[in-house]
Amino acid sequence: KAGVTQTPRYLIKTRGQQVTLSCSPISGHRSVSWYQQTPGQGLQFLFEYFSETQRNKGNFPGRFSGRQFSNSRSEMNVSTLELGDSALYLCASSSLGIQYFGAGTRLSVL
Amino acid sequence: DQQVKQNSPSLSVQEGRISILNCDYTNSMFDYFLWYKKYPAEGPTFLISISSIKDKNEDGRFTVFLNKSAKHLSLHIVPSQPGDSAVYFCAASFSGGYQKVTFGTGTKLQVIP
Numbered sequence: 248k249a250g251v252t253q254t255p256r257y258l259i260k261t262r263g264q265q266v267t268l269s270c271s272p273i274s275g276h277r278s279v280s281w282y283q284q285t286p287g288q289g290l291q292f293l294f295e296y297f298s299e300t301q302r303n304k305g306n307f308p309g310r311f312s313g314r315q316f317s318n319s320r321s322e323m324n325v326s327t328l329e330l331g332d333s334a335l336y337l338c339a340s341s342s343l344g345i346q347y348f349g350a351g352t353r354l355s356v357l
Numbered sequence: 002d003q004q005v006k007q008n009s010p011s012l013s014v015q016e017g018r019i020s021i022l023n024c025d026y027t028n029s030m031f032d033y034f035l036w037y038k039k040y041p042a043e044g045p046t047f048l049i050s051i052s053s054i055k056d057k058n059e060d061g062r063f064t065v066f067l068n069k070s071a072k073h074l075s076l077h078i079v080p081s082q083p084g085d086s087a088v089y090f091c092a093a094s095f096s097g098g099y100q101k102v103t104f105g106t107g108t109k110l111q112v113i114p
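Line order of the protein sequences matches chains Y and E. Positions in the first sequence are counted from 1; adding 247 to them yields my numbering. Positions in the second sequence are counted from 1; adding 1 to them yields my numbering.
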């Protein structure tokens with residue numbers, strides 16, 4: 248089975264712009280979660296989708312949003328980018344309580 | 002509020018010796034615990050897990066211990082190998098929380114040849 252695929256791998260944006268990140272889960276996995284990783288902060292939970300519905304949401308501002316499509320693929324959008332949004336964004340699909348991560352998208356906001 | 006804490010940001014161990022990584026949690030509703038390993042430029046990969054009904058789970062060189070009364074778990078790696086050098090994340094979830102998993106901040110393990 249192919250693993251979790253995230254695109255793009257690297258992204259450079261400027262403050263005020265918006266960005267969309269994409270995640271293709273492992274075939275058959277219906278749950279997709281998104282995390283933000285910054286130095287010293289570990290993995291901060293953003294949100295989780297299951298069958299196109301957001302089931303859980305972390306403590307991030309409304310500038311961070313997501314959606315899931317009928318094929319389980321998911322997108323994450325960040326609007327009005329701030330310097331502090333620079334981070335590694337990780338997507339994970341889940342099965343039986345275990346999460347399988349993609350390699351992440353490294354976002355740099357200048 | 003950091004519900005899962007890894008108080009040691011880094012750890013260095015000689016090859017062949019035991020590595021012990023520690024994790025504390027505050028939410029007593031957590032009933033499933035996991036360890037993930039992360040290499041640079043890769044996503045975290047699942048290593049081992051333990052349910053709250055157990056106090057120990059073993060998989061090859063890796064053993065996880067859970068002390069529910071102390072809200073503490075640890076990962077033992079014996080013997081440690083240079084390829085084990087990575088960042089290790091402790092994670093916790095609870096039944097009914099669906100897939101919301103809370104991660105610690107990670108411990109960077111360096112195994113010295």
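Some hints here could point you the wrong way.
Using C-beta positions, here's what the derived DEER-type ranges look like [said to hold, decoys possible]:
id, chain 1, residue 1, chain 2, residue 2, range
1, Y, SER269, E, LYS69, 24 to 30 Å
2, Y, LEU258, E, SER9, 45 to 51 Å
3, E, SER75, Y, LEU343, 41 to 47 Å
4, E, LYS57, Y, ARG353, 35 to 41 Å
5, E, LYS57, Y, LYS304, 32 to 38 Å
6, Y, ARG314, E, PRO80, 45 to 51 Å
7, E, SER75, Y, TYR257, 33 to 39 Å
8, Y, SER274, E, ASP56, 31 to 37 Å
9, E, ALA71, Y, ASN324, 40 to 46 Å
10, E, PRO80, Y, LEU258, 25 to 31 Å
11, E, PRO10, Y, SER355, 19 to 25 Å
12, E, ALA42, Y, PRO308, 42 to 48 Å
13, Y, SER317, E, SER75, 22 to 28 Å
14, E, PRO80, Y, THR300, 20 to 26 Å
Cross-link-like lysine to aspartate or glutamate pairs, in silico, EDC-like; alpha carbons within 20 Å at most [stated by the list, open to error]:
id, chain 1, residue 1, chain 2, residue 2
15, E, LYS72, E, ASP85
16, E, LYS101, E, ASP85
17, E, LYS101, Y, GLU329
18, E, LYS6, E, ASP32
19, E, LYS55, E, GLU16
20, E, LYS38, Y, GLU299
Because the hints were derived from the structure by calculation, they are not lab data. Because the structure is a prediction, the values reported are computed rather than measured. Cβ atoms here follow ideal geometry from the backbone N, Cα and C, with glycine treated the same way.
Query raised in the report: Checking against the hints above, which ones are violated?
Result: 1, 2, 3, 10, 12, 13, 14, 15, 16, 17, 19 and 20
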